[in-house]
Each structure stands twice: as C-alpha cells, then as structure tokens.
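Colleague: Spelled out from the first residue to the last, the chains are:
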Amino acid sequence: MIRSVMVMNTQGKPRLAKFYDFQPVEKQQELIRSVFGVLCSRAENVSNFLETDSIFGPDSRLVYKHYATLYFVLVFDSSENELAMLDLIQVFVETLDKCFKNVCELDLVFNYCKMHTIIDEIIFGGQVLETSSTEVMKAIEEISKLETASNSISLVPKSVSGWRTR
Amino acid sequence: MEQLKTIGRELAMGSQGGFGQSKEFLDLVKSIGEARSKAEEDRIVLHEIETLKRRIAEPDIPKRKMKEYIIRLVYVEMLGHDASFGYIHAVKMTHDDSLLLKRTGYLAVTLFLNEDHDLIILIVNTIQKDLRSDNYLVVCAALNAVCRLINEETIPAVLPQVVELLGHTKEGVRKKAIMALHRFYHKSPSSVSHLVSNFRKRLCDNDPGVMGATLCPLFDLISVDVNSYKDLVVSFVSILKQVAERRLPKGYDYHQMPAPFIQIRLLKILALLGSGDKLASESMYTVIGDIFRKCDSLSNIGNAVLYECICCVSSIYPNPKLLESAAEVISRFLKSDSHNLKYLGIDALGRLIKISPEIAEQHQLAVIDCLEDPDDTLKRKTFELLYKMTKSSNVEVIVNRMIDYMISINDNHFKTYIASRCVELAEQFAPSNHWFIQTMNKVFEHAGDLVNIKVAHNLMRLIAEGFGEDDDAADSQLRSSAVESYLLIIGEPKLPSVFLQVICWVLGEYGTADGKYSASYITGKLCDVAEAYSNDETVKVYAVTALMKIYAFEIAAGRKVDMLDECQSLVEELSASHSTDLQQRAYELQAVISLDARAVESIMPSDASCEDIEIDENLSFLNSYVQQALENGAQPYIPESERSGMLNISNFRSQDQLEVSMHGLRFEAYELPKPPVPSRIPPPLLAPSAELVPVSEPSYSRETHQVATVTSVSDAGSLELKLRLDGVQRKWGKPTYSSPASSTSNSSSQNTVNGTTQVDGAGNVNSKARTTYDSRRPQVEISPEKQKLAASLFGGPSQTEKRPTSASHKVAKASSHAAEKSQAPKAVVVSNEVTVEKTNHQPPPDLLDLGEPTVATSSAPLVDPFKQLEGLLDTTQVTSTVNHGAVGATESPDIISLYANTPASVQSSSAEISVPANKDDINVTSTLATQFTKGPNPKDALEKDALVRQLGVTPSSQNPNLFRDLLG
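Chains as they are written, first to last, in this note's numbering: chain A, 1 to 166; chain B, 1001 to 1968.
Some hints here could point you the wrong way.
Unchecked claim - The calculated lysine to any residue pairs, modelled on SDA-like cross-linking and capped at a C-alpha distance of 25 Å, are:
1) B:Lys1335 - A:Glu44
2) A:Lys65 - B:Leu1079
3) B:Lys1038 - A:Ile55
4) A:Lys65 - B:Lys1053
5) B:Lys1038 - A:Pro14
6) B:Lys1023 - A:Cys99
7) A:Lys27 - B:Glu1041
8) B:Lys1065 - B:Thr1126
9) B:Lys1023 - A:Ser34
10) A:Lys101 - B:Gly1080
11) A:Lys27 - A:Val38
12) B:Lys1187 - B:Arg1200
13) B:Lys1786 - A:Ala149
14) A:Lys101 - A:Ser144
15) B:Lys1187 - A:Thr10
16) B:Lys1170 - B:Arg1200
17) B:Lys1038 - A:Val25
18) A:Lys114 - A:Ser78
19) B:Lys1030 - A:Ser78
20) B:Lys1379 - B:Leu1450
21) B:Lys1053 - B:Phe1025
22) B:Lys1030 - A:Glu44
23) A:Lys98 - B:Lys1053
24) B:Lys1030 - A:Ile55
25) B:Lys1379 - A:Lys114
26) B:Lys1294 - B:Ala1327
27) A:Lys27 - A:Asn45
28) B:Lys1030 - A:Ser132
Unchecked claim - Derived CB-CB ranges, DEER-like:
29) B:Pro1189 - A:Lys27: 22 to 32 Å
30) B:Asp1596 - A:Pro58: 55 to 65 Å
31) A:Pro58 - B:Ala1473: 24 to 34 Å
32) A:Asn102 - B:Pro1493: 36 to 46 Å
33) B:Tyr1521 - A:Thr10: 57 to 67 Å
34) A:Cys40 - B:Glu1445: 25 to 35 Å
35) A:Asn102 - B:Pro1374: 43 to 53 Å
Said to hold, decoys possible - Here are a few chain B residues that sit away from chain A, every Cβ distance over 12 Å (derived from the structure):
36) Leu1111
37) Lys1176
38) Asn1340
39) Ser1480
40) Glu1588
None of these hints come from the bench; they were simulated from the model.
Values in this document were obtained by computation on a predicted structure and should not be read as measured data.
Just so it is clear, CB atoms sit at the ideal spot from N, CA and C, and this is done for glycine as well.
Just need the whole structure built from these sequences, with the hints factored in.
Modeller: And the structure:
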C-alpha cells in the first residue's frame, strides 16, 4: 500500500504532505526533512528509487521524480511495483498539468485544496484508485461544477435570493 | 519577473471563483515563500496563527471566510505548526450542507485528526448521514473520511452503510466502498471477516475498475491464507488473459498498455497462488508467456509489467521456457542505460538465481558495473544480490567489498545492516581462521557499536571453543593469531566498546597462553585500556577480570607475580569505585593474588572457559552445616515463595537472568562474557567428571524461533546436563556450501526455492545448473581489473581447491555432492518448520544416505549449536534438529507445545505430508501434500461458483464478453 504522498520544492518546503497512516505533526515534519535530506544529496541521472527503511521503518521504498522546482515523492511498501509508482507520479503530474495549464509551483501553493482533490481521486486510502488522467479530470470537473453550483446557492444571502424569487 | 508572474496568477485566481483566496492568504504564502530563514518563516507563521485564533473565534463568520480560515489552518499545520485550536471548526464544517464546504471540512479533518482523536465521535454521525446521501459526491467525500477517521471501535457504526454501497449504481462509489472495506480489513481483520465473500463477488463486477479495486484486498487476503483462494486461480488467469488480450475498453489503456496496474496486481496474486503449487502454476504458464511476448519494453509501465512477470515466474513452479524469457528480459534491463531498469534487473536477478544460478554468470560484468556505480540505491541492491550468491569460493572478495563500502558510508542504519551481513557471511563461509579473525576485527573496528552484542559474545565463544575438530594445534594457532592481532589494534584510539570487551576477554584468557608475551606486557596493555576508557564501566569490568585471570594463570604456573605499579594503582582505585561490581572484582583480584598456587588453580583453571560446571541446586554440600545450625536453634529456611525481594537462586543458571547474576549475590569467581559461556561457581562445586550443563545459544541468528530454542535449551538442560564437546564440528566453511538458499538464518531466501518439493527433480536442476555454471569461465575482453573481480566473484569452486585452506578442506568432496543433492529438500525442511515430526516417522529416504553419518540425533537429544550451520549439509534429520532447538522433539514437552498452534495433521503416518506453513510465503508441499491440501477445494469452488451465479452477476451490456468466460 502507499504510505505517503509528498510534494516539496527544491528548498525542502513542503507543498503537499499526505500520510495514509496517521503521523503527528512533528513526525511529519521530521519525515519530510529526512526525505528532503536524502533527495537533495542525490545526483542527476541516478535511479528514482530509494530504500528508506531508516526513515519509514522496515519494508518501505520511496520513488521520487524531480520536475523543475519540485520533488514528487511516493512512499510505499513491497506490495507495490516501483516502476508503476513512478508512472503514478507521472499520472499525478499530468493531471495537475491539465488542470492548471502548464502547472508550476505557485499553482500548487495557491490551489492547495484542489491538489488534494486530485490526489484523492488517484489514491484512495493508500491504494491506487485511478490511473487515467482523463478520468481523473472528469471527476474533478464534476466536483467543481457541483461545488460552484452549491456555492452560488448557499453563499447568496437568504434575503437576497428570497427577494429575487419574489 | 517572478513578481509579475505572481501578480498574473493572482489575477487569474481571482477569476477562478471556487478557488479564489483573499489577499491576506496570498500575502501569507508570498511572504513565506520569500522568507530567508527558517526562523523568519516561523515568525510569520506564528503571527498567522495569532491572527487565525482571533478571527476564527469571532461570531457570525461568513461561510466562505470560514472555509478560507480552515485552509489556512491546514497550510499552517503542513508547515509544522500546531493548529489544534481550529480542529473543532473543521469538524463543524463537515456538518455543512454545501458540498464545497463539506468537502473542505472533510479534507481538513482527514489531515488534522487521527482515528483515535476525541473529536472523531462528533463526526461519525455526519459520516453515517453522508454515506446515505443521494449525491454521490457527498458519499465519496464521506468514504474518503471513513478511510482515515474510522478506527476499530467505530467500524461497526459505518460498516452496514459501506457494505450497502457495494451495490451503488455509480462504479466510482463501488470502487471506493471496496477500498474502504479493505482499509477496515487493515485496521481490524476480524471486523470484516464475514464480508470476505463480498470481495469475491465484486471480482465479477461489470466494471473493470471495480474488479481492479477488488484485487487489492484479495491480494492481502491471499497473502495471509493462500489455500482458501486456490479456487480463484482459474478466474485470475482468465481475467489476466482478457486484460492482456485488450478486451477491456480503450479507456483502461495506459500508454498503450491495457490496464497495466490491473495486470501487475494480478501477477502479484498469481505469484502467491502459484508458489509451490505445480498444478496452479501450470495453468498460468500460457498467459505469462503471452505477456512476456506482447509487453512493450519501451515504456516505463511496460517494463513494470515485465518485471512483475519475472517476479511471478521466480515464485511459481519453475518452467524452463518462462525462465528463459525472464532471463532475456533481465539482460535487457541490465544492459539498459536507465538506472531504474538496472535496479530492477539486479533485483530480478536476485530472485532468479535461486532457481537457476547459472544466469548470474552471463551478467557478471553488468553486476560489477552496478557495484561501482555512484548511485547508492543501485549499489545497495547489488550488495544484496552478492549476499545471495555468496559461497565459500567468493566470500573473501564479497565480504571485503562490503566492508570497504561499510567504512565509506555514514548511514548508521545501513552500516548496521551491512555489518551484520558481513558477520553472517564470514561465519558461514570463512575459508580460514586467520581471515575470519581479521574480518571480524575490521567489522568491529568500524561498526563495533552498531552490531549486536551477541555477535561479540559469539566471537569470544568461537575463539574459546575452537572449531571443534580435535585439532588443538589449529585452535591454539587461532587464539594466538587473535591475541597478536588484538595487541596490534589495542593501541588505536577510540575503539568501540564492544570490540574492547572482546579484546580484553581474549587477552585475559589467552594472552599468556602460548608464552609469546609476558604477563607484565599483557597486563600493562590491559591497564592502559582500563585507563583510556575510564568512562566505560563494562570495559573496565572486562579489563579487571582479564587482569585477574592473567595473574591467576601466573600463580598457577608457579611463577612469582609482580604486579605492575599501574595495575596496583588501578586495582586500588577500582576497589573504591562507585560501581559495586567493579569494586567486588577489584577485591576478588586482590584476594586471588594472595592465595597459593593450588587454590588458584582450582578457582581459575587455565583455558577452561568452555568447561561446564555442574550446579548443585540443592546445595547439598551444606546439609550438615544447616543441620548443625538448626540444632543450635537457627531459624529454618523459608521458601522463596513466602518471601519477596530475595535472590532466586534457581534462576541463577538461566542465561536470561543476567540481571540477577550481575547485581545479586555473586556465586562466580570472575566474570565471563555473558550469554555464550557458562557462569562460574566456586571451586567446591566444580566437578569436572559430572555431567555438564549445556550453555549454548545457538549462534545468534535473528529468527524468532531461535528464541524459543534458547529457552527450550535451558529447559532441556535440567533434564540432561551435558554438553558434548566431542564430535562438535567446525562452525563454518565448507567450500561447496554454496547456495544462499541453504543459509539458515535467511528464511526469505529459502522460501523461494521455487517452493518445490519434487525433491529429486529440483535437486537435479540445481546440481546440473551448478555444474554448468562452474565449468564455464568468464571470457569477455574487458579491463583486467574488472575481469579479475568478476572471476573472483563468479568463478567456480575449482579455484578454491587450489587455495591452501586450513582444515576446511577435508569435508569438501563428500559434502559437495551432498550439498547439491540435498539442497532443495533441505530448504523445504528448513523453511517448513512444521515438518519436525517428519523425521520421527520417516524411514530415511534416499536423501539420507549422504556423506556424513548422521549423528544420532534422536538418541542424543542434545542441543548442538554448531549443528546449526553444519546442519544444512547434513541430512534432513539434522536439519530438523537444528530448527527446533535440537532437542529430540518427542522428549521434551515444552518443545511440542511450541508447535501446538500448528495444524495437527503432521501426525499423519505418511511421511510425505508436510503441513503448509501458516506463514504466507512458504507453501512448500510435496505433490501428495498438494492434493491433500487441495482436497476440499473443488467442492468449495463449485459452491462459490453457484453462489456467484445465484447472485445474478451477469455480464454487462457494456462489456458483453469480458467476464463471460470467467464464470463459464
């Protein structure tokens, strides 16, 4: 199962941290720091895999991918396939790209919520839910449509809407 | 420029509606982004927290504002600050009717709260309500929260709704419901045990996505209990076939691969189901072969599937054709430029060499390249591979490489790991005593404080006991070479404490044994150690004990003892030590020195650390004294059960009661290394002719059953107090002891001996493989250095024969044959712990008439720790002996109770029936056993099938023929 999804920038600032087993805030920070410590010491053109028993406990691997200023990191156990996980990162990034048109770090910072929505459509409770970015996009669009719909209803003050119907 | 971009984005954001944030938040993000130090960032965030605390408590906050506050809280917490003051507001938000707010609320609580948080109870009701909602998005949001927030206690509250959702019309909801159930299974398997049939049912869902989701929980279920799912093999194979034949809708393609994630899952499941099951494996061959052929090896995901195929092939009953394709793919991986593929190639190679060792040879140069690669991940994986292919012919090269690497890295975790591997390999395969000592020195020097203390004790014991062959000369040579090397090393600064303990102990025991060094020289060194490491009490204890031994030996030998001044002052200093232990030792030392030679000799016999000591538990020699005292009106003895807080003497023998022997009343004259060596007791008790207590700790393998072994050993000890020192054999190293599969301590390597039980067949495969492997030699033109390395790593044992090794040679020929032939069956026995009983009923099959005459195990129900390593080369009988603490299983009731939890069918008279181990990974059964275990299955399968039909799962119109043949 997948234990954690992290996105952090090349300075080590977390942009997204999702742990599928609960970790207290301090522990999360510690994990992010140690992952960043390992990642930034790795050269270019080496494998994208890491064995991280020392950080996450026994039977844990990590796959990361470096895009521009961001590291995308997945932590998982032996029941997953490393290459497949690498592709899952690809799916995630592709979806982000479709969603934000040429995604960059700032998009992620300002659309924190949406990023969570996307990752929730791809990974659910630590298992891979969907691997087609088109499908994920469809789901996301549906959600935002409904959200804006419900938004406009509830956010317009009652008196005003009442006034309108009259 | 950057700023312009930011502004542009802000503008864009403003028009985005739902995701728009206030200026304040944007400023916050920006200022954090521009913060130059962590301190500055912290300051900004703390300020933000203050603001939020104030704002969030205001009455009548508009909902949109509230949503933003919650998101800011999440953001703050992600940066590592406590946002718990706002949790309750996030909880409140989940109650909201608006989908947007509800989702935000759920997102926040799943990030904030753990499943045992007090606030959860406020959410459960909302979740229950939302699970019943008409809006499927609300349901999805609730399911998402269910995964994170529901704990074992609250599962029953939502379980009915989740189960109901399995029949939801939206496939997305069904999928998520299955995954939520899977999550419940993770948290508490018992809570959903009655729902397992639901997973089976959903396997036939109309929607392939739902079917794919079902594979995850099924994988977990199958890895726990393979046998109850054997009936599904056919279904899985047919699903895999359909997927591979592209009969899924196009939407499931990923990079032109048909549903690769589903394929990977299925292959993983098939690997579990086919392991050790010839029949099941045979049904998989075709489809796996197809995938090998069809798979696109250019894309990442295609290689992922190929890799999974190799894993599957190496796990199921071997098929030569598939192995060939697997080897082909591996060589493609290794030749690739991508480090990722190389990594997978090395990993796959490690899996495959257990079945066909000869394939490693063609890739030797690639392997060496990986070993020298700057990429750490790759390097580590390669070391793992080397570990798996170590044998006595290449152990020196491999261990030296490992040690070099160990020295070069800083990562303590991995250092420890490598150190323990080095020790393990050195013990198993050491070609010579000298090399062994040198290797251990290096390991201790560089990773001494990281290795398990037992390793040190073990080393001391090895040096003390020698290697069991009646070759005293070799033993004393070993000891003097150890002493010599330690005297060289002892001067170096900052040695690890554990290493110093070993050094002190060995110097004390054997420093003066060969007469090469004078007592004053050795004692001087020991005093230096005690002074240099004056903070380390344990080292001082060892040093002072060693001093006492040396002086005692001197006195016993009739020489006059001249105590060095520094020793004198050391002893004086220690006799005023705060540590009572040290103090006592100092006094004991002084007392011993003043005794005459005869007395000293009986207190401290030379080189007697391995002699065993009989303990007169009842202290019968005191009877007359007690009697006399009683007659004089003394109080009679009150049994310990009626007192408390007093020393339990009977515990004294037990090895685990170190505490007692350390801090309680001392009965021994001087300290010896803790677990492996028997404790001493005062001279009157020493009765060398009597039967002895076996104090043994069967090596230090880290398996749990070893622990059981230890206890059983001491139990058995009270029945039969005897340590056989005769017939004890070398602890290590037979040249042909080659396959990693035969190492006792590595159960993971055993289980994969492709699970065969076809004893002869597998044996043949192995031996054939080996011969071809050995006969070939490297012949690629490449830099001579590499070639040399390759030759030393992969070269056959023919090389070893030339090397003048010490005693390890004599066993070679006989056992090489034995080893090969019996490798497979042995792995079977070893891994399948339950088969102990087997030996007791079994008329020896042909495996048993191998080289070494069986040490009549059952007649001598004795623990022989050395057999542990030897055992693998011995007959099955011995192997089983080793596994189970070697105590004739039938004789000791304690041991039997250890196995009480295993299925009872072992008793069945047929020798071939082995009980499938409960552990998921090992399912080694003979053909007969397969049938035996598969017995009830056909019926089972039919029932299940009927049930499935009854439930009216019919192929959908969307995919008319997708699952038709599955059920047909």
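Colleague: Against each hint, give a clear statement of whether it holds in the structure.
Modeller: Here's how the hints hold up against the structure:
no.: 1; hint: B:Lys1335 - A:Glu44; verdict: holds, 19 Å
no.: 2; hint: A:Lys65 - B:Leu1079; verdict: holds, 22 Å
no.: 3; hint: B:Lys1038 - A:Ile55; verdict: holds, 22 Å
no.: 4; hint: A:Lys65 - B:Lys1053; verdict: violated, 37 Å
no.: 5; hint: B:Lys1038 - A:Pro14; verdict: holds, 13 Å
no.: 6; hint: B:Lys1023 - A:Cys99; verdict: holds, 23 Å
no.: 7; hint: A:Lys27 - B:Glu1041; verdict: holds, 19 Å
no.: 8; hint: B:Lys1065 - B:Thr1126; verdict: holds, 22 Å
no.: 9; hint: B:Lys1023 - A:Ser34; verdict: violated, 33 Å
no.: 10; hint: A:Lys101 - B:Gly1080; verdict: violated, 30 Å
no.: 11; hint: A:Lys27 - A:Val38; verdict: holds, 17 Å
no.: 12; hint: B:Lys1187 - B:Arg1200; verdict: holds, 20 Å
no.: 13; hint: B:Lys1786 - A:Ala149; verdict: violated, 68 Å
no.: 14; hint: A:Lys101 - A:Ser144; verdict: holds, 16 Å
no.: 15; hint: B:Lys1187 - A:Thr10; verdict: violated, 35 Å
no.: 16; hint: B:Lys1170 - B:Arg1200; verdict: holds, 19 Å
no.: 17; hint: B:Lys1038 - A:Val25; verdict: holds, 17 Å
no.: 18; hint: A:Lys114 - A:Ser78; verdict: violated, 29 Å
no.: 19; hint: B:Lys1030 - A:Ser78; verdict: violated, 39 Å
no.: 20; hint: B:Lys1379 - B:Leu1450; verdict: holds, 21 Å
no.: 21; hint: B:Lys1053 - B:Phe1025; verdict: holds, 15 Å
no.: 22; hint: B:Lys1030 - A:Glu44; verdict: violated, 29 Å
no.: 23; hint: A:Lys98 - B:Lys1053; verdict: violated, 36 Å
no.: 24; hint: B:Lys1030 - A:Ile55; verdict: violated, 31 Å
no.: 25; hint: B:Lys1379 - A:Lys114; verdict: violated, 39 Å
no.: 26; hint: B:Lys1294 - B:Ala1327; verdict: holds, 16 Å
no.: 27; hint: A:Lys27 - A:Asn45; verdict: violated, 30 Å
no.: 28; hint: B:Lys1030 - A:Ser132; verdict: violated, 33 Å
no.: 29; hint: B:Pro1189 - A:Lys27: 22 to 32 Å; verdict: holds, 26 Å
no.: 30; hint: B:Asp1596 - A:Pro58: 55 to 65 Å; verdict: holds, 58 Å
no.: 31; hint: A:Pro58 - B:Ala1473: 24 to 34 Å; verdict: violated, 45 Å
no.: 32; hint: A:Asn102 - B:Pro1493: 36 to 46 Å; verdict: violated, 59 Å
no.: 33; hint: B:Tyr1521 - A:Thr10: 57 to 67 Å; verdict: holds, 59 Å
no.: 34; hint: A:Cys40 - B:Glu1445: 25 to 35 Å; verdict: holds, 31 Å
no.: 35; hint: A:Asn102 - B:Pro1374: 43 to 53 Å; verdict: violated, 33 Å
no.: 36; hint: Leu1111; verdict: violated, 7 Å
no.: 37; hint: Lys1176; verdict: violated, 6 Å
no.: 38; hint: Asn1340; verdict: violated, 5 Å
no.: 39; hint: Ser1480; verdict: holds, 40 Å
no.: 40; hint: Glu1588; verdict: holds, 44 Å
The structure shown violates the earlier hints numbered 4, 9, 10, 13, 15, 18, 19, 22, 23, 24, 25, 27, 28, 31, 32, 35, 36, 37 and 38.
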